[in-house]
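Sequences listed follow chains Y and E, in order. The first sequence begins at 1 in the UniProt record's numbering and counts up by one. The second sequence begins at 1 in the UniProt record's numbering and counts up by one.
If you are wondering where the hints come from, they were derived from the structure by calculation, not from laboratory data. Any given hint might turn out to be false.
Identical copies carry no separate label here, and so any pair may be met within one copy or between two of them.
[Said to hold, decoys possible] Mimicking EDC-like on lysine to aspartate or glutamate, the simulated pairs with C-alpha atoms at most 16 Å apart in a straight line are: (1) K252 / E63; (2) K212 / E261; (3) K262 / D98; (4) K282 / E314; (5) K3 / D27; (6) K354 / E16; (7) K262 / E340; (8) K157 / E314; (9) K20 / D347; (10) K262 / E230; (11) K123 / D27; (12) K2 / D27; (13) K206 / E230; (14) K354 / E230; (15) K157 / E124; (16) K43 / E63.
Protein chains: 2
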Amino acid sequence: MKKHNYSAGPCILPQEVFDKSAQAILDFNNSGLSILEISHRSKDFVAVMDEARALVLNLLGLEGKGYQALFLAGGASLEFLMVPYNLMKENGKAAYLDSGTWASAAIKEAKLFGETVIVASSKEDNYTYIPKGYEIPADADYFHCTSNNTIFGTQMKTFPKTNVPLVCDMSSDIFSRDIDFSQFDIIYAGAQKNMGPAGTTLVVIKEEILGKNGRTIPSMLDYAKHIKAESMFNTPPVFSVYASLLTLKWIKEKGGIPAVEKLNNAKAELLYNEIDRNPLFKGAANVEDRSNMNVTFLLTNPEHAETFDKMWKEAGVSGLPGHRSVGGYRASIYNAMPIESVQVLVDVMQALEKAI
Amino acid sequence: MKKHNYSAGPCILPQEVFDKSAQAILDFNNSGLSILEISHRSKDFVAVMDEARALVLNLLGLEGKGYQALFLAGGASLEFLMVPYNLMKENGKAAYLDSGTWASAAIKEAKLFGETVIVASSKEDNYTYIPKGYEIPADADYFHCTSNNTIFGTQMKTFPKTNVPLVCDMSSDIFSRDIDFSQFDIIYAGAQKNMGPAGTTLVVIKEEILGKNGRTIPSMLDYAKHIKAESMFNTPPVFSVYASLLTLKWIKEKGGIPAVEKLNNAKAELLYNEIDRNPLFKGAANVEDRSNMNVTFLLTNPEHAETFDKMWKEAGVSGLPGHRSVGGYRASIYNAMPIESVQVLVDVMQALEKAI
Chain Y
1 MKKHNYSAGP
11 CILPQEVFDK
21 SAQAILDFNN
31 SGLSILEISH
41 RSKDFVAVMD
51 EARALVLNLL
61 GLEGKGYQAL
71 FLAGGASLEF
81 LMVPYNLMKE
91 NGKAAYLDSG
101 TWASAAIKEA
111 KLFGETVIVA
121 SSKEDNYTYI
131 PKGYEIPADA
141 DYFHCTSNNT
151 IFGTQMKTFP
161 KTNVPLVCDM
171 SSDIFSRDID
181 FSQFDIIYAG
191 AQKNMGPAGT
201 TLVVIKEEIL
211 GKNGRTIPSM
221 LDYAKHIKAE
231 SMFNTPPVFS
241 VYASLLTLKW
251 IKEKGGIPAV
261 EKLNNAKAEL
271 LYNEIDRNPL
281 FKGAANVEDR
291 SNMNVTFLLT
301 NPEHAETFDK
311 MWKEAGVSGL
321 PGHRSVGGYR
331 ASIYNAMPIE
341 SVQVLVDVMQ
351 ALEKAI
Chain E
1 MKKHNYSAGP
11 CILPQEVFDK
21 SAQAILDFNN
31 SGLSILEISH
41 RSKDFVAVMD
51 EARALVLNLL
61 GLEGKGYQAL
71 FLAGGASLEF
81 LMVPYNLMKE
91 NGKAAYLDSG
101 TWASAAIKEA
111 KLFGETVIVA
121 SSKEDNYTYI
131 PKGYEIPADA
141 DYFHCTSNNT
151 IFGTQMKTFP
161 KTNVPLVCDM
171 SSDIFSRDID
181 FSQFDIIYAG
191 AQKNMGPAGT
201 TLVVIKEEIL
211 GKNGRTIPSM
221 LDYAKHIKAE
231 SMFNTPPVFS
241 VYASLLTLKW
251 IKEKGGIPAV
261 EKLNNAKAEL
271 LYNEIDRNPL
281 FKGAANVEDR
291 SNMNVTFLLT
301 NPEHAETFDK
311 MWKEAGVSGL
321 PGHRSVGGYR
331 ASIYNAMPIE
341 SVQVLVDVMQ
351 ALEKAI
């Protein structure tokens, strides 16, 4: 039976990524060798890394604009400390927007490096909305925000205009919508939502902002060293990079980010419309900040949970329970989720309405 | 045509690891989902992580001895800085043995944290031997060594007796020979030699040595935080951990480390005997320090290189050229390399002797 995988991450990827990466494990590029046993310095893998780095910049519209793309390891959580290590001056100051659990985790690490100003926070309201109308200190070394809050189902629709470097954690919505990516100085994203399997982290950096904070940075935490080594300062996570390249190529073949965004909007509209129409459900996040990636919703009457849970499981839906800090349900509808799978969930919601 | 993969890492793994991991990408545990799309918090993956961590301690004979096994990301190069961050006191001192390129890279990172004493070095002789007869300062916070030097083909046959914590980078020979692993306080190893594909790093820690150096450690670099989170502080490199578990199970099924060591000794003996017997070849490393994992050797007459290179390539051998800092050849004969493949190389060496 076909599964409809609503997992928040690691999550659904295109079927052709599964098929091609499984094949590469048995025989990569007709070399007689597995992708798991080839040297990262082999011609075939260097080509994978080069193509993946170039395709990232191409998809984001950042070619020829002074940006570099890196495939690192350690997850977005490692970037929480790499960003201040590389950008915050000794006795400097960083500014952060506190819009959710991951933003808060990033703030915690920044505080180890110096003054960390929280420009606004929605923590008191359990992060149900994106704070707005805040001011960014003009003397901050950078401003950090989280574009999409996976756990709470909120998403920044616009980004502040500021003269300080703009850093964004896009782990859960990169490659999902067409925005002006050149407004950012650093974009980072754990692969395991829209880009590939867990195990690699994309970091896109405007090169000119590096080397200005005067700190001595350990080699593995130094963006400049990774750029100089063309993202091969040490052995990269070969398989995860390869599977990410397959996913990036799938996005390109689909028509790039604008085409993917159109489908994402249709999926989100289908699901939010049902949540708003069906009296048995209500959305969990502030309407204007609703995420097009993670749709959080609740039953108006929690007593229907047992029946609803049985119904969606029988329909082949998996990964729907909400995060413990929100409760209810979270339907993660990343790029690779087909609209047909969203329709299956909507059908179950309507069937529940009829059954009650 | 069957390939005989002598790559230094990433490198050959057991065929069943390729077969089973490719299958898990198409359908993991008959779940209808790919190993690449399941949540790391799912019951099935938590079981993988738990089993892998337990099997490491079982294979190393460290069960019930106060050790914890972690599967982290970032590669052994990230451990170069995590070790001093976790063990070196403010104004403390660390002691390092400089036996090769990677030992030297570890020393470079330690120097950022405090006084770093190099107890001995073979750098002046291009690391052709393992230094011996050195003294470890009794007031060092720890002593760090590299058990096997992948590039130069040398291997420590014994480890110093010392009262300071003993830290060892075993990236290229872990699980290859039966030694008393309880003499070490930290063992770390990038997966991509004997344990699995690139993308995860094994760290085995005697828990009692942590929390004593008084530093504030960033979360992702703090071993204690990773232990507390049972190696899931953040999303782990799911696929690399799974493929590592498959490799560890293969070692266990073979009879564990003692059985694997016996085969490794036979392979190394076969190849070194030919290098010593055949007048066209000579070993690159000091005889008593020769590695059983990376066999470095040279042609006595470099003019034969063209003929030899053509012959081994025709025999299906790949990954044989030596590292640029040694030249000649390097045959990496990790656990998964069958003795039949070593015989193929020996046959080519003998055929060269007849052809000249």
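* To do: Would you list, in rising numerical order, the hints stated earlier that this structure does not obey?
  => 2, 3, 4, 6, 8, 9, 10, 11, 14, 15 and 16
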